[in-house]
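**Student:** Residue numbers (this note's numbering), protein chains in the order written: chain S, 1 to 111; chain G, 1001 to 1113.
Careful: at least some of the hints might be erroneous.
What the hints assert, rightly or not - Below 30 Å or equal to it, Euclidean Cα-Cα: the simulated DSBU-like pairs (lysine-lysine) are:
1. K68(S) to K1057(G)
2. K1057(G) to K1009(G)
3. K1071(G) to K68(S)
4. K1083(G) to K1009(G)
5. K1(S) to K1083(G)
6. K1071(G) to K1009(G)
7. K1014(G) to K1(S)
What the hints assert, rightly or not - Covered stretches of chain G, going by a simulated chain S footprint (3 or more residues, C-beta under 8 Å):
8. 1036-1050
9. 1100-1113
Treat the hints as calculated values from the structure; they're not laboratory data. Treat the numbers as computed from the prediction; the structure is a model and nothing was measured. Beta carbons are placed, not taken as given, at the ideal position from N, Cα and C, and that holds for glycine.
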Amino acid sequence: KQEVTQIPAALSVPEGENLVLNCSFTDSAIYNLQWFRQDPGKGLTSLLLIQSSQREQTSGRLNASLDKSSGRSTLYIAASQPGDSATYLCAVNNYGQNFVFGPGTRLSVLP
Amino acid sequence: DGGITQSPKYLFRKEGQNVTLSCEQNLNHDAMYWYRQDPGQGLRLIYYSQIVNDFQKGDIAEGYSVSREKKESFPLTVTSAQKNPTAFYLCASGGNVNTGELFFGEGSRLTVL
């Protein structure tokens, strides 16, 4: 059964820092991996989707990489801003349409 | 405006009552999902549907029921059999089976008094 973990559970950084969030999964037979952002009391907003055949995806200050063989994905945020403060979740799409979510990393960017 | 609409945003229920949460999407997606989110826990799948008039149980389906009579709609009923229904409920939809990108609504918070 697929298991997804995220490290660290929480992270606090000063504004302007570059940072990396980690996502690990146990079963490499995946369709794709998706990163989301969740603000308190809100739904999830899709940030980046990486197909299993891709190594990375970029959107603005965000870059996500995927290494299926090692069961890892990283989300890189450049020049962090207070508005980036949120919980970031990764989800792995296994064959069969069942997404498995990680517990999330709670990010605080201090002005 | 394309997206997923969940209602109500907040709902209070007395013990023993059934409640129905609405989820509507205008993204023309085939697949729809219901998740439950509790503090300190990841999202857990309740039910999902890949096509109209068909749906499957997820990991925590006990005490819940769904229907999929229209492509756009996937309502979730929280029955009195659900022992701990207070939670944040999220509806999602996905289009292409192979790309599998998920999109979420804004969520519904259910509190049992």
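**Student:** Now, for every hint given, state plainly whether the structure supports it.
**Tutor:** Results for each hint:
1. Distance restraint check for K68(S) and K1057(G): the Cα-Cα separation of roughly 28 Å lies within the 30 Å cut-off, and the hinted pair is therefore satisfied.
2. Note on K1057(G) and K1009(G): the hinted pairing holds, with a Cα-Cα distance of about 24 Å set against a maximum of 30 Å.
3. Distance hint between K1071(G) and K68(S) is unfulfilled; the C-alpha atoms sit about 34 Å from each other, more than 30 Å.
4. Only pairs whose Cα atoms come within 30 Å are accepted, and K1083(G) paired with K1009(G) is accepted, the gap being roughly 21 Å.
5. The straight-line distance between the Cα atoms of K1(S) and K1083(G) is roughly 26 Å, inside the 30 Å bound, and the hint therefore holds.
6. Taking the CA atoms of K1071(G) and K1009(G), the gap is near 22 Å; set against the 30 Å cutoff, the hint holds.
7. Simply put, K1014(G) and K1(S) have alpha-carbon atoms about 36 Å apart, too far for the 30 Å limit, and the pair is violated.
8. For the segment 1036-1050 of chain G, the assignment as covered by chain S holds, since 7 residues bring a beta-carbon within under 8 Å of that chain's beta-carbons and 3 suffice.
9. Remark: the segment 1100-1113 of chain G is confirmed as covered by chain S, as 9 of its residues place a Cβ nearer than 8 Å to a Cβ of that chain, reaching the required three.
The structure is inconsistent with the numbered hints 3 and 7, although it conforms to all the rest.
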